[in-house]
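Q: What follows is the residue order along each chain.
Number of protein chains: 2
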Amino acid sequence: MRAPDALLRLTEAYLADLALTPELGAQQESMRYALEGGKRIRAVICLATAEAAGADPEAALPAAAALELVHAFSLVHDDLPALDDDDERRGRPSAHIAFGEGIALLAGDGLLVEAFRLALTYPTPTLARELADATLGMIGGQYLDITGADADLEELHRLKTGRLFAASVGLALWVAEVPEAEQAPWRAFGEELGLLFQIVDDVLDGDGYATRLGVEAARDFAREAAERARRALDAIAADTTVLRAIVDGLVVRTT
Amino acid sequence: MRAPDALLRLTEAYLADLALTPELGAQQESMRYALEGGKRIRAVICLATAEAAGADPEAALPAAAALELVHAFSLVHDDLPALDDDDERRGRPSAHIAFGEGIALLAGDGLLVEAFRLALTYPTPTLARELADATLGMIGGQYLDITGADADLEELHRLKTGRLFAASVGLALWVAEVPEAEQAPWRAFGEELGLLFQIVDDVLDGDGYATRLGVEAARDFAREAAERARRALDAIAADTTVLRAIVDGLVVRTT
Numbered sequence: 364m365r366a367p368d369a370l371l372r373l374t375e376a377y378l379a380d381l382a383l384t385p386e387l388g389a390q391q392e393s394m395r396y397a398l399e400g401g402k403r404i405r406a407v408i409c410l411a412t413a414e415a416a417g418a419d420p421e422a423a424l425p426a427a428a429a430l431e432l433v434h435a436f437s438l439v440h441d442d443l444p445a446l447d448d449d450d451e452r453r454g455r456p457s458a459h460i461a462f463g464e465g466i467a468l469l470a471g472d473g474l475l476v477e478a479f480r481l482a483l484t485y486p487t488p489t490l491a492r493e494l495a496d497a498t499l500g501m502i503g504g505q506y507l508d509i510t511g512a513d514a515d516l517e518e519l520h521r522l523k524t525g526r527l528f529a530a531s532v533g534l535a536l537w538v539a540e541v542p543e544a545e546q547a548p549w550r551a552f553g554e555e556l557g558l559l560f561q562i563v564d565d566v567l568d569g570d571g572y573a574t575r576l577g578v579e580a581a582r583d584f585a586r587e588a589a590e591r592a593r594r595a596l597d598a599i600a601a602d603t604t605v606l607r608a609i610v611d612g613l614v615v616r617t618t
Numbered sequence: 364m365r366a367p368d369a370l371l372r373l374t375e376a377y378l379a380d381l382a383l384t385p386e387l388g389a390q391q392e393s394m395r396y397a398l399e400g401g402k403r404i405r406a407v408i409c410l411a412t413a414e415a416a417g418a419d420p421e422a423a424l425p426a427a428a429a430l431e432l433v434h435a436f437s438l439v440h441d442d443l444p445a446l447d448d449d450d451e452r453r454g455r456p457s458a459h460i461a462f463g464e465g466i467a468l469l470a471g472d473g474l475l476v477e478a479f480r481l482a483l484t485y486p487t488p489t490l491a492r493e494l495a496d497a498t499l500g501m502i503g504g505q506y507l508d509i510t511g512a513d514a515d516l517e518e519l520h521r522l523k524t525g526r527l528f529a530a531s532v533g534l535a536l537w538v539a540e541v542p543e544a545e546q547a548p549w550r551a552f553g554e555e556l557g558l559l560f561q562i563v564d565d566v567l568d569g570d571g572y573a574t575r576l577g578v579e580a581a582r583d584f585a586r587e588a589a590e591r592a593r594r595a596l597d598a599i600a601a602d603t604t605v606l607r608a609i610v611d612g613l614v615v616r617t618t
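Protein chains in written order, with the numbering used here: chain A, 364 to 618; chain B, 364 to 618.
Simulated from the structure, these hints should not be mistaken for lab results. C-beta atoms are modelled at their ideal positions from N, C-alpha and C, and glycine is treated no differently. Keep in mind that the hints are not guaranteed to be accurate.
Which residues of chain A face chain B? A few of them, derived with a C-beta cut under 8 Å, are [claimed, not checked]: (1) 364; (2) 368; (3) 381; (4) 389; (5) 445; (6) 614; (7) 616; (8) 618.
When you get a sec, could you build the whole thing from the sequences and use the hints?
A: Here it is, written out as structure tokens:
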């Protein structure tokens, strides 16, 4: 079993060498810019799940990269003035500051479609189907976020963050060819990851759950989500030590 | 063989009843708005090609709808102030005028991913793969359009318009399970359609090829593309009368 750090290095090497569609021409530059940096948590979860489920992590690299491309797409579009209007991302100027709004808009579109191209390199359409469903859920979450419509914080985060985290586990299950009848405990694990990530994010940023519950109660809430994730792993007859290490890391992360 | 009008009605009925992903919530309203109107040329080409190639046109409806959703996505994003800044589309306020820029941006994203969801309802991933490649080409064409980089009008139109027209034929071939070894003449036909459409578009709008060649020479250029399309159909051992009618209609269209 490879440790999260080794899986992160595998992801970075794959993304650095990733060939984008030649017809994109010089548009590729903004897409690569938007793809740099980031913690690659979704990719690492995908690779670790694939390995725990019996696959070679290398076989899950296109799926892991697809998840990171969808995540990068969502950041580029969310940062645009029409949505969150953020000038900085991952410690650098946002894509629209670096390249202008038009190119950034197209960069997001391009990253999204390249993600599907990657998910579609597998012989089965199941990965791309799950990626589409998760991305549509994310978009619904972003809609709730900007409109405040039906502003239920749990539902907003389940969609905006949770759907892609859950898909990070789900795509790995298809790579490892885990039969659908055996996927439930893995998916229960995946459902908790996004919530855990988001609560800790809110504590670090001092908003969302930290504002609503207070920092200490939010930290308790994160520990409970981590405990549910560990219990879901208990129900899986496989070596899930690396997935446990990822859960432990998500609870105590400081960036 | 059903006439183009009958195929258009089939398309409109399918799109009117199309269920979008529930998790999109009220975001669906802007997506339906952006999907209304339009000539549905890509859908009709897809359905007519599928029927000519031996499939039931109804079987090609999800593919035809996917093409129209990708087209609608591209219009919504292209109309945004960051790109073409068009306030009107299909005789009505553009999506960002009707719903605001943020919602319009998400509507385009949602239409794009719903298109993949539709293409992925088929058992084979080949349709979604071709849709991804065509959409990436379109994005590359839009990049050339806004940057004027390597401003080669043929290449720009081949990408921005031609790739999705060609995919309208290509997706139908997968629906009809035409073996790859027999696809070449069909695809030669599809390659001419986008060019034919674009030249006539430029004549009607008084720009592009009409500006570069003059109106009469542009009309000749359109007739030549139509003739090449007909010759490609001559090489196909199937009843292609409806496809011929579509070519004839594209040459003389006035809207």
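Q: With reference to the structure, classify each hint as holding or not holding.
A: Status of each hint after checking the structure:
1. Nearest Cβ of chain B to the Cβ of residue 364(A): about 30 Å, over the 8 Å cut. The hint is violated.
2. The beta carbon of residue 368(A) is not positioned within 8 Å of any beta carbon in chain B (closest approach about 32 Å), and the interface hint is therefore violated.
3. For the restraint placing residue 381(A) at the interface with chain B, the shortest Cβ-Cβ distance is roughly 14 Å, beyond the 8 Å limit, so the hint is violated.
4. The interface hint given for residue 389(A) holds, since its Cβ lies 6 Å from the closest Cβ of chain B, which is under the 8 Å cut-off.
5. Contact between residue 445(A) and chain B, as hinted, is supported at the beta carbon level, the nearest pair being about 4 Å apart and thus within 8 Å.
6. Hint status for residue 614(A): violated, given a least beta-carbon distance of 28 Å to chain B, over 8 Å.
7. The interface hint given for residue 616(A) is broken, as the beta carbon of that residue sits about 28 Å from the closest beta carbon of chain B, more than 8 Å.
8. Using the Cβ-Cβ criterion of 8 Å, the hint placing residue 618(A) at the interface with chain B is not satisfied: the shortest such distance is roughly 28 Å.
The structure shown violates the earlier hints numbered 1, 2, 3, 6, 7, 8.
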